[in-house]
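2 protein chains.
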Amino acid sequence: MEKPQMELWYTERQTPNHGITTKINKTLHHEVTDFQSLDVIETEQFGNMLVLDGMVMTTDIDEFVYHEMITHIAMNTHPNPKNVLVVGGGDGGVIREILKHSSVEKAVLAEIDGGVIEASKKYFPEIASGLFGDARVDIQVADGIKHIAENKNKYDVIMVDSTEPVGPAVGLFEKGFYEGIREALKEDGIMVAQTESPWFNRDLIRRVFADLSATFPITRLYTASIPTYPSGLWSFTIGSKKHDPLAVDVQELPALDTKYYRPEIHKTVFELPQFVRELTVKEEK
Amino acid sequence: MEKPQMELWYTERQTPNHGITTKINKTLHHEVTDFQSLDVIETEQFGNMLVLDGMVMTTDIDEFVYHEMITHIAMNTHPNPKNVLVVGGGDGGVIREILKHSSVEKAVLAEIDGGVIEASKKYFPEIASGLFGDARVDIQVADGIKHIAENKNKYDVIMVDSTEPVGPAVGLFEKGFYEGIREALKEDGIMVAQTESPWFNRDLIRRVFADLSATFPITRLYTASIPTYPSGLWSFTIGSKKHDPLAVDVQELPALDTKYYRPEIHKTVFELPQFVRELTVKEEK
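One line per chain: the protein sequences are Y and X, in this order.
Counting in UniProt numbering, the first sequence runs from 1 upward without gaps.
Counting in UniProt numbering, the second sequence runs from 1 upward without gaps.
Any given hint could be a false lead.
Example chain Y residues on the side facing chain X (calculated, C-beta under 8 Å, incomplete) [to be verified]:
1) His18
2) His101
3) Tyr123
4) Pro125
5) Ile218
6) Ser225
7) Gly232
8) Leu233
9) His243
10) Leu246
11) Thr258
12) Lys259
13) Thr268
14) Gln274
Read the hints as simulated data drawn from the structure, not as lab findings.
In this text, a Cβ means the ideal position worked out from N, Cα and C, and glycines have one as well.
From just these sequences and the hints, can you work out the full model?
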């Protein structure tokens, strides 16, 4: 007979009044880096889980959704992405997805917190696989805002893989940052940012969409299902100088080894439910 | 200065190892009916919440997704739905949505638990609005399985708005029940059932899809975002004798007063992410 054991549950208050709770086997890692509190816990339901400042960033089980969906829509919209920048994204999952595109010559990671990179290599080797020695990858432990300011007309695609807009990531949700990204992109460049939950962060999504609309000729919002993120529904916003994700010929898209993204959903993810679509339409409240 | 107060949180273990937790102001209602435990709680995040046997059934804030999405896909696929049956659905939300279709002559509710109907009328008057005296509505406190067995060639659309497949709802997920529905439908009838989470209930979805594929010539799976349901992603499965939701001319669909459903998403919700699509494809595992 098994002896009764203490149960440990990790609870994230995703809003002041609501959250998720998940059973954990043990804490694998805890540190306070120069930028944030960093924990890795082993959960029963979602495998290893990376938690920054008390917020779930990624897990073994559902990481594929976020990493594929922030990456492949933009990459498959640009006809020939060679130079790609990831701002944030220290876990390496976006880099791994970028490297699935054969056109890529250089993938730069500008992650402000080296602790995230090291912890991910150790506890999430599958997610961080792109960080181990691919010659196309340039890992920079650096402030993404500074990197953007110092690079002009350089990138085909820029992905803003940030934490929530608190702590080190606040500046990554500001209009001036998006204007910097516009300058860092080539004349037909495209950017994408994670922009939180359409259920819980409606004002933020509306503001970012308006800021990107004022900065880029083409702005688009899409969503994906991520169970460990607040509400389970997550949004991404695209700003593009020339190429429209809705103008892509999906029949021509290359097959990719993916678990969420399919060429067949490349356009359909932009057909939003009414309560999400409202966030993108000026005339409606 | 406010005095400190006791905090009450309701936690649902949606799986043995994972769940949601939500702050409540008070319990509005508790009873044990002949069929299940029934609670209504007032939450901070989601307004009033109906809980059956410890599982969230609906809330003021996100109820529109489930009720619109189980209803309008099937209703807008059938060219002229006059007679409609809801099995379960005692909260009345599906009836409310059905009544938005002007073709409807009769909407029958077969709910086994009268306690759900009464509690919903009292605590969810907006959801239950269709249960208050519309002459087209026939409310029967009755076993849906028995109702199906006793009615042949009668309905244009049948919706299975069940609880989880435990307790009173077990029989609503069995192949024999779907065969009964086929007989209760007219020759061009269509059915839809809620079929749980593609993240947590993969075996169930795969089995129901296979059973419906063996029962109807047309079977389709689609999803919607429901934050208070396990994983935040919910699936619905359609079985149809003649009309294919993917063959609808969305330009011809009537405008409806809805917050999630739009004619523009009528077909796109069937383009599934790869890990969900796998559940519908025999050749793949």
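>> Under the constraints set out in the numbered hints, which ones does this structure not fulfil?
In response: Violated hints (numbers, rising): 2, 3, 4, 5, 9, 10; every other hint is consistent with the structure.
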